[in-house]
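In case you want the letters, here they are:
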Amino acid sequence: MTAINTLFIESMDQRFDAAACMNCGVCTALCPMEIGPLPRVLFRQVMLGLEEKVMANTDTIFSCLLCKMCEVNCPAGVPIAENVRLLRNRINTTMYGLGR
Amino acid sequence: MSLPKKAVLGILTDNLSRRRSVLPLSRNVATEWARGLDIPRGGKTVLYTGHMYQLIPFIGAMADQMKAFEDSWVTSLMDYGRLVNKVINISSFMTRAKNEERQAQNRTLRSIAMLLRESGVQFGYLYDEELYSGALVYDQGVDKVFLSHARVVQKMLADHGVKKAITVDPHTTNMLRHVYPEVLDGFGLEVQSYLEVLVERNSEIKQQLDGRVIVHDSCVYARHEGIIEQPRDMLKRTGLTVESPELSGSLTHCCGGPIESLFPKKAHAIAEKRIEQLAATGDNIVTMCPICLVNLKHAAGEDNIKIKDISEYFAEAFFGVSRTAESVRT
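Protein sequence lines correspond, in order, to chains U and Y.
Residues in the first sequence are numbered consecutively from -9, following this note's numbering.
Residues in the second sequence are numbered consecutively from 12, following this note's numbering.
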């Protein structure tokens, strides 16, 4: 059973914006890193408040190249690179104690 | 064992907040490229290097070091390394840049400055007061530290009355043109890449070049800044036949550089993949980003692939081979 933490969603940076994602998979198909959970699965986990699952993926989140190959091809216009950066900021502040 | 992200990010972040760069450079290393060029200090328009080309020989050396550490026991000591780094800059002990690589990057910057001058552009340089943009710390999401650094850069530019920056690499261009205005109040600097400036100036080519080159677009120039046609236009003016690999322009493939500091082996694998794509089109590769240049060169190894910064071709066409070799010696 995965715990849902609604506070996780509320406490995410308000600029995190994946609401328009329709889970089409273009991002995953185009990713040069072939990163599985990023971005669509991970973003869905954020929106569902699955904090533990998100935080268990730090390697994945920091492996993103921020190259925007996915973003410029996203039919829903999701700001993918900025979302990934905001997840890094969340990890840095809550897990690594950086930039608090 | 992968590199400990907390310790590595901590060292980079501490360096930026304490020493104003992720990999601090001495004043001499940062500014030696400008020696003898008599560029005025400061001014309304400045050539802004953002230290990116100067950092490359050190980033290359550091990447080799980190790749060796990646699966070794040394990673377990990195937390201690961070503690020590707060007092002593340990990166200066870890990285020994080769002199010839430093001189190569200096030649690139000198060529760019001379190309602008040849095109009638008047500009100054901030010398030892110029600062790194903070791009890596921003990308890694250490926002508070980045913001604090960006404010220092903003003040430094304001103190010097700088109104326009001519940038030389995609990362500094993107930071100053799009990121700083988003995060800072009242940041109104005009920013142009030297590639955009040269295209506008349409200066006369002194020597037509002959050959075929393959353009590797930088992700940041192509997808963040929309700079795709300008470098091609300039290369075509020199007489070169310009070709692109299958993945190019807004669909360009990354060089792997952005994850070099945390995942050097993954970064190398991405660069090797890109080299394969480029080599399928031709073996004279043109880059326009210092990070792409170092990563692709490392991945190409001893293969018969030539990888050159785009400014080298421009310098050859504008000044001729002999003058370039003579005038860019430091």
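Don't read these hints as lab results, they were simulated from the structure.
Don't be surprised by glycine CBs; every beta carbon is placed ideally from N, CA and C.
Keep in mind that a hint or two might mislead.
To be verified - Simulated crosslink set (DSBU-like; lysine-lysine; CA at most 35 Å straight-line):
| id | chain 1 | residue 1 | chain 2 | residue 2 |
| --- | --- | --- | --- | --- |
| 1 | Y | K175 | Y | K276 |
| 2 | Y | K174 | Y | K247 |
| 3 | Y | K319 | Y | K109 |
| 4 | U | K43 | Y | K247 |
| 5 | Y | K284 | U | K43 |
| 6 | Y | K17 | Y | K55 |
| 7 | Y | K166 | Y | K217 |
| 8 | U | K43 | Y | K276 |
| 9 | Y | K109 | U | K43 |
| 10 | Y | K277 | U | K43 |
Claimed, not checked - With the Cβ distance kept under 7 Å, some of the chain Y side facing chain U (calculated, not the full set):
| id | residue |
| --- | --- |
| 11 | D150 |
| 12 | G152 |
| 13 | K247 |
| 14 | R248 |
| 15 | T249 |
| 16 | P269 |
To be verified - Just the calculated beta-carbon pair ranges, DEER-fashion:
| id | chain 1 | residue 1 | chain 2 | residue 2 | range |
| --- | --- | --- | --- | --- | --- |
| 17 | U | E42 | Y | K166 | 38 to 44 Å |
| 18 | Y | Q114 | U | S1 | 21 to 27 Å |
| 19 | U | S1 | Y | V163 | 26 to 32 Å |
* Numbers of the earlier hints that this structure fails to satisfy, in rising order -> 1, 4, 6, 7, 9, 13, 14, 15 and 18
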